[in-house]
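Student: Sequence:
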Amino acid sequence: MSRTITLDVLWTNGAKVVVQIPEIAPVKDVVELCYTDKTLFYYPFLIHKGRLLDLTLSLKFQNVENGDSLVVYEHRAMNRPPPKLEITNLDSKIYSVMLEALSLNDRFYHNIEMNQKTAILYQKLVPAATMTIENDLEYDPPTVIPQKKKEPSIKALPPLIEKIDEYHEDEVNDENVPLFATIEEAGKYFAKHSIDWTW
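Taken in order, the sequence shown gives residues 54 to 252; the numbers are from the working numbering.
If you are wondering where the hints come from, they were derived from the structure by calculation, not from laboratory data. Hints should not be assumed to be uniformly reliable.
[As the list claims (entries may be wrong)] Label-pair ranges, simulated between beta-carbon atoms:
| hint | residue 1 | residue 2 | range |
| --- | --- | --- | --- |
| 1 | Thr183 | Lys146 | 47 to 57 angstroms |
| 2 | Leu178 | Tyr148 | 27 to 37 angstroms |
| 3 | Glu204 | Tyr242 | 30 to 40 angstroms |
| 4 | Leu108 | Ala68 | 13 to 23 angstroms |
| 5 | Pro211 | Tyr148 | 52 to 62 angstroms |
| 6 | Ser149 | Glu204 | 49 to 59 angstroms |
| 7 | Asn168 | Lys146 | 31 to 41 angstroms |
| 8 | Thr141 | Val179 | 33 to 43 angstroms |
| 9 | Ala68 | Lys113 | 18 to 28 angstroms |
| 10 | Ile77 | Tyr126 | 20 to 30 angstroms |
| 11 | Val150 | Tyr96 | 12 to 22 angstroms |
[Claimed, not checked] Listed next, the in silico BS3-like pairs over lysine-lysine satisfying Cα-Cα at most 27 angstroms (straight line):
| hint | residue 1 | residue 2 |
| --- | --- | --- |
| 12 | Lys69 | Lys102 |
| 13 | Lys102 | Lys81 |
| 14 | Lys113 | Lys81 |
| 15 | Lys113 | Lys170 |
Even glycine gets a Cβ: it sits at the ideal position worked out from N, Cα and C.
Sequences and hints are given; from them, build the entire structure.
Tutor: The following block contains the structure:
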């Protein structure tokens, strides 16, 4: 059965807290008892007789006895929240690429407007490009899709395919496919042409 021990918890600024805790409790429980009014983002270091204690192991396992003192060394970043991961989602990436493309486009036209020689050349090239497009349309006019009639067609539908057994015998017969009226005729035929058949 575990017993309760009393420990003095000391800080470097001179503060002191007396804690009663079961000896089988982990060192982390001592920290949580001392910092009940604070949200801990990082646990401080606890030193016992010049040795750093492991927060996950029990006091008894680390030879902490009744009446011992534990010294607390706090991290500077102990009260700061941990840094967030700088992960950019896909929508933001696409939006930034789109903004960059628009920015490059604006910069291109801005450079044309700022440079007088380029602006004059651009003003000459735009009508020439427009004329080229119009000439291309004259030589290669756009395809006009003919409109369909709204009325239903009165043409006759193609004939349905009849069943095979309704065909006439002369339509079904082929030179390579002999038909036999009886089993005896088939037997005679296969007796003569037995080499052609493999079973």
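Student: A separate judgement is required for each hint: does it hold in the structure or not?
Tutor: Evaluated hints:
no.: 1; hint: Thr183 with Lys146: 47 to 57 angstroms; result: 37 angstroms, violated
no.: 2; hint: Leu178 with Tyr148: 27 to 37 angstroms; result: 33 angstroms, holds
no.: 3; hint: Glu204 with Tyr242: 30 to 40 angstroms; result: 59 angstroms, violated
no.: 4; hint: Leu108 with Ala68: 13 to 23 angstroms; result: 20 angstroms, holds
no.: 5; hint: Pro211 with Tyr148: 52 to 62 angstroms; result: 57 angstroms, holds
no.: 6; hint: Ser149 with Glu204: 49 to 59 angstroms; result: 56 angstroms, holds
no.: 7; hint: Asn168 with Lys146: 31 to 41 angstroms; result: 33 angstroms, holds
no.: 8; hint: Thr141 with Val179: 33 to 43 angstroms; result: 39 angstroms, holds
no.: 9; hint: Ala68 with Lys113: 18 to 28 angstroms; result: 26 angstroms, holds
no.: 10; hint: Ile77 with Tyr126: 20 to 30 angstroms; result: 25 angstroms, holds
no.: 11; hint: Val150 with Tyr96: 12 to 22 angstroms; result: 43 angstroms, violated
no.: 12; hint: Lys69 with Lys102; result: 16 angstroms, holds
no.: 13; hint: Lys102 with Lys81; result: 18 angstroms, holds
no.: 14; hint: Lys113 with Lys81; result: 13 angstroms, holds
no.: 15; hint: Lys113 with Lys170; result: 87 angstroms, violated
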